[in-house]
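All chains, please: the whole structure from these sequences, using the hints.
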Amino acid sequence: MAAERRSEILDYLKAEHGLVRVTMAWVRNRYDTSWDKLSRPRADAIAAWLKSEGVLHQPAELPSRETEDVTLYSQHTTIGLFIAAARGEGFFEGNPLAALLMLQGHAKTLVRQETNGVAEGGIVD
0 MAAERRSEIL DYLKAEHGLV RVTMAWVRNR YDTSWDKLSR PRADAIAAWL
50 KSEGVLHQPA ELPSRETEDV TLYSQHTTIG LFIAAARGEG FFEGNPLAAL
100 LMLQGHAKTL VRQETNGVAE GGIVD
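Under numbering that gives the first Met the number 0, the first residue of the sequence shown is numbered 0, with each subsequent residue one higher.
Misleading hints may appear alongside valid ones.
Label pairs and their computed distance ranges (CB to CB) [claimed, not checked]:
(1) Lys36 / Arg111: 43 to 53 Å
(2) Leu109 / Ser6: 30 to 40 Å
(3) Glu65 / Leu9: 12 to 22 Å
(4) Gln112 / Ser33: 41 to 51 Å
(5) Trp48 / Asn115: 39 to 49 Å
(6) Thr77 / Lys50: 14 to 24 Å
(7) Lys13 / Glu60: 22 to 32 Å
(8) Ser51 / Arg20: 19 to 29 Å
(9) Gly93 / Ser33: 34 to 44 Å
(10) Leu96 / Trp48: 23 to 33 Å
(11) Lys50 / Pro95: 17 to 27 Å
(12) Thr22 / Glu52: 12 to 22 Å
(13) Arg111 / Arg64: 39 to 49 Å
(14) Gln112 / Arg39: 41 to 51 Å
Keep in mind that the hints were calculated from the coordinates and are not lab data.
Please read these numbers as outputs of a predicted model, since none were measured by experiment.
Each residue gets a CB set at the ideal place from its N, CA and C atoms; glycine is no exception.
What follows is the structure in structure tokens.
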């Protein structure tokens with residue numbers, strides 16, 4: 000059954016810490032094994048399902064050609080949250096201030112880590 004294989008997409012994404020690059024053929028094969036090829040409506044159906052699972056993608060419109068690559072990222076991971084904030088998607092869609100505040104907070108954390116590394120004799124590139 001098609002829905003049984005869909006979990007493979009989510010499992011692979013989880014195993015790769017929320018960020019993967021795959022072909023659309025790979026996605027199609029796991030979304031619905033009965034489909035022999037993609038079309039615009041099928042790519043849109045996959046995109047809707049991914050969104051319902053908290054998974055966003057780049058490019059913003061899923062390609063309808065199987066040979067094209069797509070990057071999938073989970074909004075429920077640290078890296079996915081940063082990507083969504085930078086692109087103004089998911090939780091941050093229509094709320095650029097929230098995205099800015101989150102990214103600024105992370106930037107300050109990175110500066111503190113860099114400063115602490117220098118204070119402890121660490122090498123900073």
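Structure-based check of each hint:
For Lys36 and Arg111, the hinted distance range of 43 to 53 Å is satisfied, since their beta carbons lie about 51 Å from each other. For Leu109 and Ser6, the Cβ-Cβ distance of about 35 Å falls inside the hinted range of 30 to 40 Å, so the restraint holds. Checked against the hint of 12 to 22 Å, the pair Glu65 and Leu9 passes, with Cβ atoms roughly 20 Å apart. For Gln112 and Ser33, the hinted distance range of 41 to 51 Å is satisfied, since their beta carbons lie about 49 Å from each other.
One distance hint, 39 to 49 Å for the beta-carbon pair Trp48 and Asn115, holds here, with the actual separation near 43 Å. Separation of Thr77 from Lys50 is about 20 Å and conforms to the stated range, judged on CB atoms against 14 to 24 Å. For the hinted restraint 22 to 32 Å between Lys13 and Glu60, the CB-CB distance of approximately 24 Å keeps it satisfied. The beta-carbon spacing between Ser51 and Arg20, approximately 21 Å, falls within the hinted interval of 19 to 29 Å.
For the hinted restraint 34 to 44 Å between Gly93 and Ser33, the CB-CB distance of approximately 37 Å keeps it satisfied. Taken as a hint, the range 23 to 33 Å holds for the pair Leu96 and Trp48, whose Cβ atoms sit roughly 30 Å apart. Taking the beta carbon of each, Lys50 and Pro95 are about 20 Å apart, inside 17 to 27 Å as hinted. A beta carbon spacing of about 19 Å between Thr22 and Glu52 agrees with the range 12 to 22 Å that was offered as a hint.
Distance hint check: the CB atoms of Arg111 and Arg64 are about 45 Å apart, consistent with the given range 39 to 49 Å. At roughly 45 Å, the beta-carbon separation of Gln112 and Arg39 lies within the given 41 to 51 Å, and the hint holds.
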